[in-house]
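*Asks:* Sequence:
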Amino acid sequence: MHLENVVIDAVEPLVTGPAWEERLGTERLTTLPEGVETRIHLPGEAFLDLCVIAVPEAEEEPERLHLVLGPGEQGRERLEEIRLESADVPRDLAFWTWLSAWEPEAGGLRHPSGEGPLLRLVPESAPAGPLKNRAHLDMRLAPGEEPDAAAAELVRRGGREVTEDPTLPWRVFEDPSGNVLCLLPAPAPGS
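In terms of this note's numbering, the sequence shown is residues 1 to 191.
Quick caveat, the hints were computed from the structure, so don't treat them as lab data.
Please note that the accuracy of each hint is not assured.
Per label pair, the in silico range of CB-to-CB distance [unchecked claim]: (1) G75 - A152: 46 to 56 Å; (2) G75 - E161: 36 to 46 Å; (3) E57 - T30: 34 to 44 Å.
Virtual Cβ for every residue (Gly too), placed ideally from N, Cα, C.
Throw the hints in and build the complete structure from the sequences for me.
*Replies:* Structure follows, in structure tokens:
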């Protein structure tokens, strides 16, 4: 399992997605009426995708996931940090270390290559509310990884399954602090 996507809800994804792409100099993967997907390349074959998906209206719930940008190359910005609010930073750091397969680094977690943004857990400004998070992280199962076993372990480590809709290829969970995350199936062979 690994961290694959940062997902952002947007009322106008065909405007918001390209704006992020321009700011970060990322590679466009898909453009559909329901969203835009763009890729941040990390060393080797590693990557982190930014998915901007359509929602009918913006939620009023305070954001719990924040993207922190810094100066990049060629006049563009660079994604420096993904800040995720936490009710218990040490507990959630252990949870996300296991879940993301990223490695501990001063103040957070980083991709095993040592490159890319830092996933930093910060004390929450307020407890998670009942509305859907406007931004969340997606985890991708590895080939051969059993979805039910991964889901059971995620719950055993303090997560909670929010919905299990058999019509969807993914499952929706919350981490121990109430942050939404999705568990995506392993890629199909040859993809």
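*Asks:* Hint by hint, note whether the structure agrees.
*Replies:* Checked hints:
no. : hint                   : verdict
1   : G75 - A152: 46 to 56 Å : holds, 47 Å
2   : G75 - E161: 36 to 46 Å : holds, 43 Å
3   : E57 - T30: 34 to 44 Å  : violated, 23 Å
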